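If you read the protein sequences in the order shown, they are chains A and B. The opening residue of the first sequence carries number 1 in UniProt numbering; numbering runs sequentially from there. The opening residue of the second sequence carries number 1 in UniProt numbering; numbering runs sequentially from there.
Check the hints yourself; a few may be wrong.
If several chains are the same, the list does not tell them apart, and a pair holds so long as it fits within one copy or across any two.
Said to hold, decoys possible - Calculated lysine-lysine pairs in the DSS-like style (CA-CA distance at most 27 Å, straight line):
#	residue 1	residue 2
1	Lys117	Lys77
2	Lys268	Lys257
3	Lys240	Lys185
4	Lys191	Lys117
5	Lys117	Lys327
6	Lys247	Lys264
7	Lys71	Lys185
For the record, the hints were derived by calculation from the structure and aren't laboratory data. On a predicted model such as this, the values are computed, not experimentally measured, just so you know.
2 protein chains.
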Amino acid sequence: MRIALDAMGGDHAPEAVAEGAFQAAREWPDTEIVLLGPEGTMNPLLKERVLPNFTLQGVSEWIEAGEEPVKAVRRKKNSSIVVGCRMVRECQTDAFISAGNTGALMAAGLFGTGRLKGIDRPALSPVFPTMTGKGMLVLDVGANPEARPEHLEQYALMGSIVAEKVLGYENPRVGLLNIGTEEGKGTALTKEAFGLIEGLPVHFVGNVEARDALYGVCDVLVCDGFSGNILLKNTEGVAKAIFDRLKQELTRTPFHKLAAAVLKSGLKRFAAEIDYKEHGGAPLLGLKGPVIKAHGSSDARAVYNAVRQARLFVEQGVISQISEQLKRVERG
Amino acid sequence: MRIALDAMGGDHAPEAVAEGAFQAAREWPDTEIVLLGPEGTMNPLLKERVLPNFTLQGVSEWIEAGEEPVKAVRRKKNSSIVVGCRMVRECQTDAFISAGNTGALMAAGLFGTGRLKGIDRPALSPVFPTMTGKGMLVLDVGANPEARPEHLEQYALMGSIVAEKVLGYENPRVGLLNIGTEEGKGTALTKEAFGLIEGLPVHFVGNVEARDALYGVCDVLVCDGFSGNILLKNTEGVAKAIFDRLKQELTRTPFHKLAAAVLKSGLKRFAAEIDYKEHGGAPLLGLKGPVIKAHGSSDARAVYNAVRQARLFVEQGVISQISEQLKRVERG
Numbered sequence: 001m002r003i004a005l006d007a008m009g010g011d012h013a014p015e016a017v018a019e020g021a022f023q024a025a026r027e028w029p030d031t032e033i034v035l036l037g038p039e040g041t042m043n044p045l046l047k048e049r050v051l052p053n054f055t056l057q058g059v060s061e062w063i064e065a066g067e068e069p070v071k072a073v074r075r076k077k078n079s080s081i082v083v084g085c086r087m088v089r090e091c092q093t094d095a096f097i098s099a100g101n102t103g104a105l106m107a108a109g110l111f112g113t114g115r116l117k118g119i120d121r122p123a124l125s126p127v128f129p130t131m132t133g134k135g136m137l138v139l140d141v142g143a144n145p146e147a148r149p150e151h152l153e154q155y156a157l158m159g160s161i162v163a164e165k166v167l168g169y170e171n172p173r174v175g176l177l178n179i180g181t182e183e184g185k186g187t188a189l190t191k192e193a194f195g196l197i198e199g200l201p202v203h204f205v206g207n208v209e210a211r212d213a214l215y216g217v218c219d220v221l222v223c224d225g226f227s228g229n230i231l232l233k234n235t236e237g238v239a240k241a242i243f244d245r246l247k248q249e250l251t252r253t254p255f256h257k258l259a260a261a262v263l264k265s266g267l268k269r270f271a272a273e274i275d276y277k278e279h280g281g282a283p284l285l286g287l288k289g290p291v292i293k294a295h296g297s298s299d300a301r302a303v304y305n306a307v308r309q310a311r312l313f314v315e316q317g318v319i320s321q322i323s324e325q326l327k328r329v330e331r332g
Numbered sequence: 001m002r003i004a005l006d007a008m009g010g011d012h013a014p015e016a017v018a019e020g021a022f023q024a025a026r027e028w029p030d031t032e033i034v035l036l037g038p039e040g041t042m043n044p045l046l047k048e049r050v051l052p053n054f055t056l057q058g059v060s061e062w063i064e065a066g067e068e069p070v071k072a073v074r075r076k077k078n079s080s081i082v083v084g085c086r087m088v089r090e091c092q093t094d095a096f097i098s099a100g101n102t103g104a105l106m107a108a109g110l111f112g113t114g115r116l117k118g119i120d121r122p123a124l125s126p127v128f129p130t131m132t133g134k135g136m137l138v139l140d141v142g143a144n145p146e147a148r149p150e151h152l153e154q155y156a157l158m159g160s161i162v163a164e165k166v167l168g169y170e171n172p173r174v175g176l177l178n179i180g181t182e183e184g185k186g187t188a189l190t191k192e193a194f195g196l197i198e199g200l201p202v203h204f205v206g207n208v209e210a211r212d213a214l215y216g217v218c219d220v221l222v223c224d225g226f227s228g229n230i231l232l233k234n235t236e237g238v239a240k241a242i243f244d245r246l247k248q249e250l251t252r253t254p255f256h257k258l259a260a261a262v263l264k265s266g267l268k269r270f271a272a273e274i275d276y277k278e279h280g281g282a283p284l285l286g287l288k289g290p291v292i293k294a295h296g297s298s299d300a301r302a303v304y305n306a307v308r309q310a311r312l313f314v315e316q317g318v319i320s321q322i323s324e325q326l327k328r329v330e331r332g
């Protein structure tokens with residue numbers, strides 16, 4: 001198996017990507033890890049990191065975080081993101097991972113890797129931490145802000161397959177993000193999508209409210225990209241805000257600091273549990289091959305976890321399973 | 001001033017409403033507090049609670065939490081919610097507060113109290129706690145799930161006035177909830193609303209991401225009712241989940257319990273800070289008079305705080321100020 005990584009993507013690139021990718025190469029000798037990055041920058045970083053299954057493929061350019069996605073993808077044909085997505089299409093790699101410009105990765109995935117037959121819009125699909133410790137696949141969180149009912153139907157189908165094959169859930173429960181649990185709640189979009197998802201060969205548990213989502217009431221949460229993005233960023237924001245305030249509280253006086261010391265290891269474990277970094281990257285589901293977005297603030301461990309997830313994705317043949325299921329639904 | 005309350009609305013009704021309303025009557029002798037509830041249920045509760053400015057107005061029926069809103073409002077003409085909203089329209093009370101069925105209150109507000117000229121859809125507008133301790137007015141959180149750009153424009157105008165007059169912010173900063181901060185981000189709705197809000201006499205700070213909202217980047221956050229509802233319920237869900245896990249962590253061993261005891265008062269204060277109950281109720285902005293939704297799980301303190309907010313609302317003449325501003329914008 002071969003997995004390519006964008007060495008220049010993310011807040012801590014290229015060091016964190018190089019280190020995480022190297023750890024992955026050491027862990028899985030059967031997996032060839034290919035870093036895409038400029039030779040001048042990468043060679044010093046790779047001097048100390050030598051393994052037979054760990055190589056660099058030189059690229060002459062890369063896309064910065066702030067660049068306008070579609071323009072950048074059109075102009076920078078030899079950037080790590082564009083090259084990686086093209087390699088997936090041309091079967092030069094089994095998967096591609098980037099922690100870089102999300103919009104550019106989506107555009108390059110769409111234009112360079114291409115959509116599966118039967119999929120109108122790919123969905124960005126991260127795993128959210130839940131209180132049950134199991135995690136929940138949420139799609140879409142922003143690839144397609146203006147979704148139509150049939151897009152949500154396609155997300156339900158793809159999400160169910162990934163939850164089963166990659167996350168290991170038996171008969172995964174699929175929920176529809178809504179503003180009430182009763183059928184008939186929400187907008188024209190959610191009402192119509194509800195009916196469509198009911199007709200799919202998935203375990204549909206109906207509408208799910210944002211309040212209950214973290215409590216593990218479903219394994220797959222389907223939503224339009226605008227709402228999903230609000231959900232994702234609000235979850236991050238609220239968790240960060242509470243931890244920030246907690247830290248203030250725990251260091252208020254020397255006495256508080258003493259008590260905090262006792263609690264430290266437990267709180268750290270807890271913070272790690274709800275940390276996206278432990279949950280790997282977010283696949284762009286609906287493309288012809290695995291393209292995975294790692295979080296922009298990925299450290300080496302997050303990169304390593306994204307590789308672990310990409311391996312599962314490839315091993316389980318997720319793309320061909322999605323493709324098969326789409327054909328079956330179309331015929332049915 | 002006169003403020004009417006729905007004695008039968010909310011998880012802890014009628015006891016919590018009776019107690020909260022009584023506390024408010026004691027605190028503000030200049031305010032006549034009128035409870036709307038069935039005499040048989042209320043009289044025993046009011047036996048010990050006697051004040052000249054605290055009265056019961058008997059109603060023969062009430063709307064339950066689970067009832068279908070529009071049907072219930074049509075059928076139960078003498079329910080506390082329908083009577084309260086009608087009293088506002090007929091100037092028999094200066095404001096009405098209910099912690100009951102949100103949908104029914106919205107329907108009764110729309111049909112019974114009526115919309116202000118220039119407002120197409122009222123907005124449910126709670127104050128979110130922020131890390132700065134100031135709070136942020138968010139509208140709409142669910143009265144109008146399928147908003148049009150001009151609705152968001154109207155929310156921006158109303159929100160700015162309430163933030164200034166009720167919350168006491170000077171030149172309040174109005175933000176538009178979006179999935180990116182750059183202009184041109186989001187859906188057709190947010191793009192068009194952006195342009196409309198730019199033309200208003202408010203201090204517009206542009207797009208705001210959910211991640212930053214709690215950090216006090218704006219005083220008023222404008223959004224469609226679907227996204228706003230997701231934001232509200234996700235904030236509640238994430239905060240509850242983290243506090244639940246924190247509690248587990250703090251009671252894991254006797255040693256942990258000891259440390260937790262030191263931190264207890266600080267954590268309690270912190271939990272109170274981010275508790276909606278301290279922030280009063282959510283007005284239904286855009287109606288001809290103040291109709292305020294208190295949280296379904298309101299305790300006596302939350303009811304008391306909702307009365308405090310309603311008084312400010314009336315004292316500041318918020319409704320006529322909104323009405324004036326709407327006329328000015330229409331003329332301009």
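Hint by hint, here is what the structure shows:
no. : hint            : result
1   : Lys117 x Lys77  : within (25 Å within a copy, 55 Å between copies)
2   : Lys268 x Lys257 : both (15 Å within a copy, 17 Å between copies)
3   : Lys240 x Lys185 : between (31 Å within a copy, 24 Å between copies)
4   : Lys191 x Lys117 : within (25 Å within a copy, 31 Å between copies)
5   : Lys117 x Lys327 : within (9 Å within a copy, 53 Å between copies)
6   : Lys247 x Lys264 : both (11 Å within a copy, 14 Å between copies)
7   : Lys71 x Lys185  : between (39 Å within a copy, 15 Å between copies)
In summary, this structure violates none of the numbered hints.
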